[in-house]
Each structure stands twice: as structure tokens, then as C-alpha cells.
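> Given the sequences, and given the hints that come with them, work out the whole structure.
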Amino acid sequence: MTNAMTYKGYFARVDFDGRDRIFVGHVLGVDDGISFHGETVDELTEHFHAAVDHYLDDCKRTNRKPQKPASGKLMLRISPETHAVVGIAAAVSGESVNQWSEEVLERAAREVLERADDSVSRHAS
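When we follow the working numbering, the leftmost residue of the sequence shown carries the number 59, and every step to the right adds one.
Hints are not guaranteed to be accurate.
Keeping only pairs whose Cα atoms sit at most 20 Å apart, straight-line, the calculated SDA-like set for lysine to any residue is [what the hints assert, rightly or not]:
1. 123 with 65
2. 118 with 164
3. 66 with 100
4. 66 with 164
5. 131 with 89
6. 123 with 87
7. 126 with 65
8. 66 with 88
9. 66 with 115
10. 66 with 95
11. 126 with 100
By construction, these hints were calculated from the structure, which means they are not laboratory data.
These numbers were taken from a predicted model, which means no experiment stands behind them.
In C-alpha cells, the structure reads:
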């Protein structure tokens, strides 16, 4: 089972460790290696929030700027055929490739995260 969680703009991937019977989470996009765990979804959520809050407090205390999960710049390598149809789709939509791609990627990402969130919510019941 793999799911995602979000808190204060930080995303975490969550796996279930069947051997130890716990949920284990890792914050994505931060080099400092933020991890957390819990035996229930509620405990996991509490520990995720505490881990992010601790990271932010530690950055403030040590006068470091917290690493953000994304810069807003994305470099992709795609096939020339895909590149061509993306350009055509953007033009048909009256948008630049950047505008069109941002909308499509955001929609796809939200769908994945909503499915993951729904899965976590079902396990909390």
C-alpha cells in the first residue's frame, strides 16, 4: 500500500510495513530526510505534522531557510512525438505550452493525490 499526505505545503509518501504492522512516512522533496511513523492513521497524521513542525522550528532556530518541495521550474525529457502533440494541444487551447502543461500536470497530480488521500481516509475508518 502506498499513499500520500500533505501538510503546510510538504508532501509525504506513506507505506505500510506489514512485518512491524506500522505506517511509515517520508517527506518528499526535502534533502534533510524527514521521516515519521504511526500505528494508526490518526497517529501517523499527528507524527507527520509534528515532524514537519519540528523541521520548520529547527530551520528557524538554526537560521536556515526551509527547503521548499519545489522551485516552480520543471525540465522534462519527452519524445519528439509527444512534444509535437503537446504543442498542438496547447495551440488548439489558445495557450502556451507552459500554460497548457501546468494545467494538465496540476489536474493529473490532484487526481493522484485525491485518490491517495481517499485511500488513507478509508483506512482511518
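> All the hints need checking, so say for each whether the structure fits it.
These are the hints, each one checked on the structure:
1. 123 with 65: Roughly 18 Å between the alpha carbons, so the hint for residue 123 and residue 65 holds.
2. 118 with 164: violated (30 Å)
3. 66 with 100: holds (17 Å)
4. 66 with 164: With a Cα-Cα distance of about 18 Å, the restraint between residue 66 and residue 164 holds, given a limit of 20 Å.
5. 131 with 89: With Cα atoms ~18 Å apart, residue 131 and residue 89 stay inside 20 Å; holds.
6. 123 with 87: holds (14 Å)
7. 126 with 65: Judged against 20 Å, a Cα distance of about 12 Å means the pair holds.
8. 66 with 88: Within the cut-off at roughly 13 Å; holds.
9. 66 with 115: The hint holds at about 13 Å.
10. 66 with 95: Distance of about 18 Å is within 20 Å: holds.
11. 126 with 100: Violated. Residue 126 to residue 100 sits at ~25 Å, over the 20 Å cutoff.
In terms of the numbered hints stated before, the structure departs from hints 2, 11, listed from lowest to highest.
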